[in-house]
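Colleague: Below are the chains, spelled out letter by letter.
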Amino acid sequence: MRPILLQGHVGFPREFDRDRNVVANRISLPKDKVLCVWFSANGERLGTYHGHQGALWTVDVSPNSVLVATGSADNTVRLWNVKTGECVKVWDFPTAVKRVEFSPDGSRLLAVTEKRMGYLGTIVVYDIRYGDGEGNNLDDQTDEPSLKITCHESKATVAGWSYLGKYIIAGHEDGSVSQYDAKTGEQLQNVQAHEFDYQINDIQFSADRTYFITASRDKTAKILSSRNLAVLKTYTADTPLNTAAITAKKDYVILGGGQAAMEVTTTSARQGKFEARFYHKIFEDEIGRVKGHFGPLNTIAVHPAGTAYASGGEDGYVRVHHFDKPYFDFMYEVEREQLKR
Amino acid sequence: MSFGGLGALRSDRWMSKQPSLASRDPSRQGRQSRSGKASARRRVTWHSMSGRCLPCLPRGFGCMTKHHTQKRDAINLALSKASRDRDEDRPSASFADLALARVSIAHPVSLPTMAPSFDNLSEQDLHELEEEEEIDFSDLKAQYEVRLEEGLDTFVVLDGLPIVPEESREKLIKYVLKKLNTVGRTSADAFFMPMNEKGMSEGFAFVEFETPEQAMAAVKHLHGTPLDKKHTLLVNKLTDIDRYGREGRIDEEYKPPHIEPFKEKEHLRWWLGDPNARDQFVIFRGDKVGVFWNMKKDPPENIVDRPHWTQLFVQWSPQGTYLASTHPQGVQLWGGPTFSKQKQFPHPFVQLIEFSPGEKYLTTWSARPIQVEEGQQGPLTYEEDGKNIIIWDIESGKPLRSFVAHELSGPDGDAGHKKKVQWPAFKWSADEKYVARMLPQQSISIYELPRMNLLDKTSVKIEGVMDFEWAPATPSREGVKHYEQLLCFWTPEMGNNPAKVALMSIPSKEIVRTRNLFNVSDVKLHWQSQAAYVCVKVDRHSKSKKSMATNLEIFRVKEKGVPVEVVDSLKDTVINFAWEPNGDRFVLITTGDAPTGAAGPPKTAVSFFAPEKVKGSGVGNFRLVRTIEKKTSNAIYWSPKGRFVVVATVHSQSNFDLDFWDLDFEGEKPESEKELAANLQLMKSIEHYGVTDVEWDPTGRYVVSSASVWTHSMENGWNIHTFAGQTLAEHPTDKFKQFLWRPRPPTLLSKEEQKQIRKNLREYSKEFEEEDKYAVDIANTAVVEKRKRVLNEWLAWVRREKELLAEEKKALGLPEEDVAVDVIKTAPKAEAEAPDTVVEEIVEEIIEETEEIVG
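Protein chains in written order, with this note's numbering: chain U, 1 to 341; chain R, 342 to 1196.
Don't read these hints as lab results, they were simulated from the structure. Wrong hints could be hidden among the right ones.
What the hints assert, rightly or not - In silico SDA-like links for lysine to any residue, alpha-carbon gap of 25 angstroms or less: (1) K1076/R - S225/U; (2) K1127/R - G288/U; (3) K1127/R - S225/U; (4) K325/U - H1072/R; (5) K637/R - K291/U; (6) K291/U - H1072/R.
Remember, predicted model here, so these are calculated numbers, not experimental data.
Chain R on its own, in the form it takes in the complex (with noise of 0.2 angstroms):
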């Protein structure tokens, strides 16, 4: 056999790169010491010694007994004696003597001409190494253990082999590498199947394949795999085996693992007991990330302030549960009252992450493809190698499945344009039950929750496909009984064909809706919050491609059919749309032709939609309400509960304004805007100079508005106002970043329950409105006390300090006068200082003058 020459080959090397970090393992020096031995810290070897159960040989018989007795490796046994059955006079190493070397890589082996052996260790390199003894440093050895590059990553090792006599090994051989060779390349050269003295096959066999990826793939495909009906095939590589099968690596015995005693976790949902029902907010400004009670005009109430507790950004989950922090290492969820470490997501140099809506998954991107190490601690194995997003379970902290990122060029195509990250890559339908990513132009994956398997094994082709969104609630159709989720999408005009949005039913696939469009250019879709409605925003151009104008058709998906209302009444181009959440209304922003050369930011205007009121519970045609002409607004900010709407100019370099709108004012309507169901009302504008961003706290109290550093440098800090524009308070605040409030999760009240509350809201009112009062009674005698305190303490302090002057004084011999008076007199007399004079000025003023005759 030819493995001879190959193993002596492996053998120089592995020899050449013999850790000393192994040889000075303790754990041995430790057994060695008992079994009084003295030999040398060096793993085994197998020049010419073959045919004696090398690990035995230095120490002896007894040892060879307890080796043997022992069982602690059904490989390594047989693998001895497989060995010693082998001819004695053999020239130089076997396959299998490799193998057995690597197995049985605990046994220490003395040699002599291997330096430095423990023979040539002077006495002082003995005694420290007694001396370290006594340390037990394994655990840490076995966990910073470095791997180093062996050569050995080619071999596999194959177990769960049919036992053949010897006339059928040949056949076996072939019919096993027929197997293997699906995976990567090797030959009955590379294999080698030990048989004992019975002439007998011992069930396992070892190859080499031509490179380390694909004895990797041989056993990524081939473990477990079944060879015919009786044998399954087990492919381990080499190198696991030794790591595992080492002695002491593995118990032989069953220990029922530690569990640890129950204890008490933090409550997650903590915050929402708050006797005031405040909310929470994180802000990150500097390198310190704060937590915060929303304490209205008053400065907030820090809960926990961490230097460094992030290093890109932080996020809430979307229902408040956890606070994210990134770091080059992953992603770290916190949380409880004391906000400590809850999961830890170990994705290195992550950028972005997202949470499903249920806060149950977690997708994670990083640009830089993850590379695991062999033998990496942590959850993250092979799978992961290369990709660059990963969809974790929350609740395990696994990663369920990864995913190289699709290749996005930018729009012109060309290489040097900056790489655009489709983001979110996965998006979620509203019951987590799916997940889906688009290859722009080609497919749409959508994969199956919790298993993340691809929904009926395949993608799902739609040529062209530009952009989809899933129903952000589970819809209900009418006439639809059966459980389904929808996604919308869109493909661009291509040859002949029209552009085209359609509604398809989940898991079915079956276009429920679709509706053809001409000369667009690009299509926007906006799912209302409950998804009653679709609106698509159509930007089309007219034929020449010269001017532009946009479209809205809104897909009306709770009504039967799905009819789609056209709004084309918009002259311009719309920049800006939002749905009223849980409403029917919506405002959008529109921007005409910005006249070339014209200073300042482009005009736009601001239009109002609501439905026409109807009979009966349906919801009528929508229409304008009113168009605000002559804004600078670019951003709508809808109240989580509706009615109220934030329309506001942000990363503007010249305005700042926010405008508060009421949609349902409870006071007199224009005649003109009788039948909507709308009433529009301007309740305040402000301006936040250098605002970017705007914030509606999740309960539609208080609007935070904030200009953040990430944007621009100039008067950093947030502002909070209510619902209706009033400014509560200003806080600037240096290098300032981000501010997120806390998100809650949905009620647990009823319908009825929420409406009862709603109607009793004026006597809630009263009570509320009292405990205020007293807060603020309260907290005018804690500023007057402290007041008196401070003034007390500083009075004091100057009438001691002015006693000591006076003692110093005394002592130095100097009047006890002031010290004006005892400046050297050799000046000059200065001019007699004239006393502060009054000047009194009297202006007689005739206010009125009456005249009266006595007659």
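Chain U on its own, in the form it takes in the complex (with noise of 0.2 angstroms):
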């Protein structure tokens, strides 16, 4: 598992993207403040999205690989043309954008806004249009959300689309969870998934959506079911987490976080904890541990065929593992026998 490391900015990698190539690069550093795409094959970098006043702490790319959406610190949304690195759409908002994601079938796009300045956390949604189809009138986007959720008690800290679009998931600074219609985006559910005031740090669902994974401050990482929001897997960590993941191909989740960023200069480094782990999805067994970053993790991202994964820390490292063949061979003898069956 010989990692690619893409250096040079301090970020992370936020998305892969759908067609399997792509490591879109978060950047932080207030100077840069630019977006880089990367082939996660090689790590060669594909390009610079230039245009953010401040700091990115989000992108997502559409399912067709059309456009790059960028949530930002200069509290704006930007839409960008994959192909050109052409600015196509700037929404403005009050506060920082925390998340942005499309639907599973792109035409619309969601947008959780910060709570600040006695503004509300928000969870905006956009209709997203494509133009002609030939990569053509991509600026015709509408200015007024579609649907506007109000987090009044606690703010959504991330969120994101079930199977078909049909509900808005979202993970509070409390460690509740919601899920709110996406047509409507009245609150349907909410559960104390993870300990109270613990905030949810990251959100991620499996390929079909039909259930996601959280992680959270409290150390420990959830996979509840999108329809009910039943916790149906608990993995406990011995650190705080900011991020999982979902492996396709395998039933693997990988875990990652560490020591608050605050806290690191004041506790050894030993006790960082800065490995990212790998847990059976299923038994719930902590499998492996990859070393690397000398920074807490902040997201990891699985490449979606399940060939690769990529971290990103607070050291200002993005490393894309690939995966070797023990890693796919490795099974629970009670695995194996389902297969033989």
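Hints given; two lone chains; assemble the complex.
Modeller: Rendered as structure tokens:
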């Protein structure tokens, strides 16, 4: 599992796009404010996108790889043409944007805005148009959101689309998970999935989006059902978690975290626990760790084909690991039996 | 008499402080409603009403009769008689009235001048009162009654006085006053002895002291003291008479106390009956305290886990019977299979506790002196007021005796220096018969249990005494037949007198051995666990006081005449020393002068000592077995069964090693150590990052090393190892504070039985190994079964979700294909996706070539 290091920027990879060959990289150095897209196979940079005035928090590539959406601390969401790198749309908000995500069919985009300066945290949804299908007229986008959900109680920190874009699932600062109707914005459910007041830092969905994994500061990651928010699995780590990803092909999950950035300097490096941890998705056992980062892991993304994963750390590196054969061969005895049947 | 004015003064004060609580006493209300009289809920008063039985006044004659015939209170009766007999036209209230008023407090009196009286209460109030009557609060009222300062704390009631005629009155007063003035200040003016119609005294009197403290002292010191051959003085506080003499407080008829039916108590030593002979331990982490079974490699099995079980720390009693928890209110002991509350010792703000070795007594300490409120519930009495230390009897839950802690100033003696706590303040003899405390530099006070009286009523004066230690076992000196306990103490050099170490026999207080020492900087006393030896570690300075060295003076207590052996081969100072439990070997750690400016912890050396082999049963001279140089070790942990020892570096920032040593290694022995009774072998060295504590289990099978958040917050948790240093499991635990093995009481097996077991150990081992293997098999099957179930559950869930998803898709009119397909197809055709290519590389390698010539 020799990693490919993507250096030079403080940031982390947000997304493998669905064409399986591009890693979009968030850059949080205010000076750079640049989005880079890399080929995941060899680490070659596809291009950079200039225009943001503040640190980039989030990025998502549309399912057809035509558009890239970015959310930034400059209180904007921008849409970019993947190919040409031009910015096709800017939406302004009163506060920073912490998360953007395209719906599974690419027709909608959600953005999570920060609660700050008297503004409540919101989740806004825009309808996205793709021009004439030849990459033209991409700048023809709506100005008004088609839906706006305001989080009155605890702000949403992360959000995503369930299967068929039916629900919007949001993780909150207080450790709870909400399920909203994606059409009306009505809150259908809210469960206290994690310990109270331990923020949920990440939500990532399975391929068919019937379940998702949450990572929380309470040192656990959980798999919940998108349909009814039932907690299906719990993975317990020994450090606050920033991110969790579900692997395709193999039944694993990868968790990442580490001492909170503000505490790192006050504790020994030994204690940082800056490893990517692999757990068996079904049996909830830890099966391995990948070392390498020397800062907390901020995000982990798994290649849609399940052949590689990338992790971004506070240390400024993005590490892309392609899985070796033993990774695919590893199997519990009971799984093997199951397979034979 | 001048009491009148005084009484009036008091009365005003009292009236103004009339507690409304008392006025609404429901029990009294109930009584009133029964008698059908409406009267104010006010306490009795005495304004110019003398000459009548005040309590009976408002109720009329019927009540009076009832009251008088009831004779509920002899004093009350006598007082009302006395007051009736007195001159009718006394202008102001008399002292007796005052007293009477206090005593007959339960009688409600209506006075129009007093507001709010019952008369001016509205209908609504009345209604409320009636409603309240239905609930009986009296028990709660009694429990939570607030004591108000009533200005009567300076009065005492004397009883048991001789009954004398008017003529002898002055004489008696004078005589009694003499006695009273030994504890406080009072005078004939403040002495009132009522006389009855026959001109005789009633055998009681009232006295006012200058301060409440004096009154208190009088009660404390004079109550029950003989006045003459026939009369014993009874002294009670007036407020007490009031409290306990109040109607209904004390029943007229004797009622046998209700004896609770016998209830089977939980077995306090239940854990020893575990079929697998597992040990228990307690873990304190975060706010939670849990007790667990040791499961070796596996996660420990929880028995109880309670949040906020303790405030400061937990502690086992020395034989494991109780688990003690500390709280701001005091100490609680827990035990039995459910860890139910066994005992409570309400020492407020307790900070330190110590059990006696046989867990019969408990010493508690708090920096804050105890404040005992008058009338406070619980076992604390005025005896405990202002004290820091209490010695409790665990069985009864009552304090035996309490003490003020000795003030210990820092070494410099300056006031700003943080006060040191002398702890353990009280040291117990091995059999709990004696407990002793040292007044530094002056004396040792030895108390006899169970009465806690000072042995021979005096402390043992030892000028300069610095420290003392009891023998940890009842010693058996050769040629000494009588019972004795031994106590070892030392005094420093004073003037031209040398420093001294001495052994004192108790109870005779006879010094049985003493040894003079010179150039002494410090001395530490180390008893061997069977009291066979006491090693006196003497830190000596050279004449110039520039360099330091340590001598060991080992007293062989069991041998005739207590010979002393000196080990003076050590060049450096000894920082730690430990005897092998029940053995005759020891380990010590020395350190040289740390080079200034050197980074890291000071280098230390670990030395092992053992006696030489001698013919017969004796123990030879102590000789150095080996010294391990260039260590950083600073702590020694012997197995409780001896033989094995862990030498560790604890509380260090850079070194965390634990060395597991065997002193009876069953292997080859170096030639140089042939004649020593030890075969030293390092079994294993391990590291535990941040280790702060090491604990052997009571059987000597396991060692737990732990890193407590009390010392640092890095990687807190505990690891369990075997006696040989093999790590069984690691348990990183957030906010881990304390790990304590539950001690075991001494074995019930005789020496022969133990020997028998040791002989057949091999057979037992076989049995146990089989059992272990079986357990592992069972566990493995269980794990596999569980995994199977989990896997099937998951697959079923995924299948069901898939079906539901398909249904929903159908409903939406979407094709039943992969999600990726129904992406809006407006994008320019993505480059044809290259299929995963497999690059095969064939490498040929000739491993071996042989040439054969076919001839």
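Colleague: Each hint should be assessed against the structure and marked as holding or not.
Modeller: Hints, one by one, checked against the model:
1. K1076/R - S225/U: violated (33 angstroms)
2. K1127/R - G288/U: holds (21 angstroms)
3. K1127/R - S225/U: Measuring from Cα to Cα gives roughly 22 angstroms; hence the hint holds.
4. K325/U - H1072/R: Cα-Cα ~32 angstroms, so violated.
5. K637/R - K291/U: violated (30 angstroms)
6. K291/U - H1072/R: holds (21 angstroms)
Hints 1, 4, 5 from the earlier list are contradicted by this structure; the remaining hints agree with it.
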